[in-house]
Amino acid sequence: VLSQSDTSIALVTTDHDGNGQTDLVRYRWDDGVLRRQVNGGTIVDICGELAEFELTLQADNRKEIVAAPAVVSDERLLASSSSPSSTSEEWLTHSSQSIGQHISSADFTSSSRLERGMQWMPTRYEIYGRQAGYSYYSTTITSELRVAAPDGSPTTDVLNITSINPATLSTSNGWLPVSIPATRWLSAEEGVCLQWHHGGGWNAAVFVTGHSSGRGMQRAALDTAVWTRPDADNGMLFRLYGKLRTPVHDHLEQSAARYVAATIVIQSDSQGSPMLHAGVDLANRPPVATILARSEFNTSAIAEDVNADGQADWTESAVTNGSTSDITNGQWVASNRRLQLQTVDVEGQLLDVRCRMRDSSALSGGAMLRLTVPNTSGQVVCSIALQLEKQTTGLQALTLLNETSANTYSTLQQFDSLPAELLDVRVTLNPERRVASFWLQGIPVAVHSVQNCTGTGNPSVVQLSAGQHTCEFDRIEVRATNL
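Its first residue numbered 726, the sequence shown is counted upward by one per residue in this note's numbering.
By construction, these hints were calculated from the structure, which means they are not laboratory data.
Certain hints may be false.
Unchecked claim - Quick list of simulated restraints, FRET-style, between CB atoms: (1) 1031 / 773: 50 to 56 Å; (2) 904 / 1033: 27 to 33 Å; (3) 881 / 1045: 18 to 24 Å.
Everything numeric in this text was worked out from a predicted model, so none of it was measured.
Glycine is no exception: its CB is placed at the ideal position from the N, C-alpha and C atoms.
Please put together the full structure from these sequences, using the hints given.
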């Protein structure tokens, strides 16, 4: 209730017209007429010859479950190895020679320890060393930051590559800084490998390494790409900086006053008209959603059975030949594959799907999430999709789509220049009002009316698709709510 007097009341109500926004409704009762105005539009007479009108609202205080957004920290020192008991030097001189340092969340400082569900993102790092002094020779040193495998070896997941000319470095030992453009968030279980490669020339980079109190140092053989496991006694002198992110909590409680009932008394001046009384139960309680399926992609079988019907919630299949599929580090990494929700009855229900995904290479296709829901009669079907595609700039584009006939889409909206990291997306589809709402990183970004889909359309209620190159899916959850 925004305002209330003896002859008027202004209320903010839930979304009545399906446009994804609340409505402002004003009532006035004077001069014997009850009038209504919605969102500043035309004033409509509801009842003439009004003798009496009373509206009494009742409120209660309750605890409601709310979602707390993720909280991102400022940049901080995550890990370092800067005061070893003894040191030596490693010369990076050969064109095939490489040296590296493994860092895991177990190496983080006490003020940067990761609690359950927290994530971290590297922003920059420093290595202690110098140039050898042969500055008149052309030389290139390449620094790479890669995600580490569980055994500490580097994977093919490259977070950053930087080229450095050793001639620009000091001839005295000091900290060599490397900045990292925005990259993806890493789980507490994911570590990184800092790698340095000699690309040619005579000028060498010289790195100071620590013994006894250091650990995690790695080397690659001169003529192979095989890296040694992290050394238990030796390590490079480094400083790693980054940010921490707390998980989204969807089980927090907060106090919320809600109008739950109203008493209405109305009487007109018409001869013989009785006084009418009405009791109204306001349907503003949050609806209860049923979780139809979810997966954290922790096992290669993707065999979760949320509804306990004895069969897996998801089925995986190839889209075309040459498909790949793997579960690694809690992610489904695939190309030319699709994951479909097993048949479930969602007629006339609002479908709510949340997923974390990204397209990891700028080729044709992309990572797609599709939803299809019939209305209560089962005759009309709404089908929508969103697609993430990596661009040649390294950033991603998000396209919102409406499937109007079988595998034929019209574009609803597009967002460019999104980060290359895994993105949290959410879609809701109301088949009765034919309204789709979209969220990105927990923020509502679009609401669209959608056309019905003719023909067979989407063969599954919910479907994840990976294009002709590698796409990554971190988690998915499907909820349905009775309308």
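These are the hints, each one checked on the structure:
1. 1031 / 773: 50 to 56 Å: Roughly 55 Å apart at Cβ, these two residues keep to the hinted range, so it holds.
2. 904 / 1033: 27 to 33 Å: Distance hint for residue 904, residue 1033 is violated at roughly 50 Å.
3. 881 / 1045: 18 to 24 Å: The hint (18 to 24 Å, Cβ to Cβ) holds, given that residue 881 and residue 1045 are roughly 23 Å apart.
Checked against the numbered hints given earlier, this structure breaks only hint 2.
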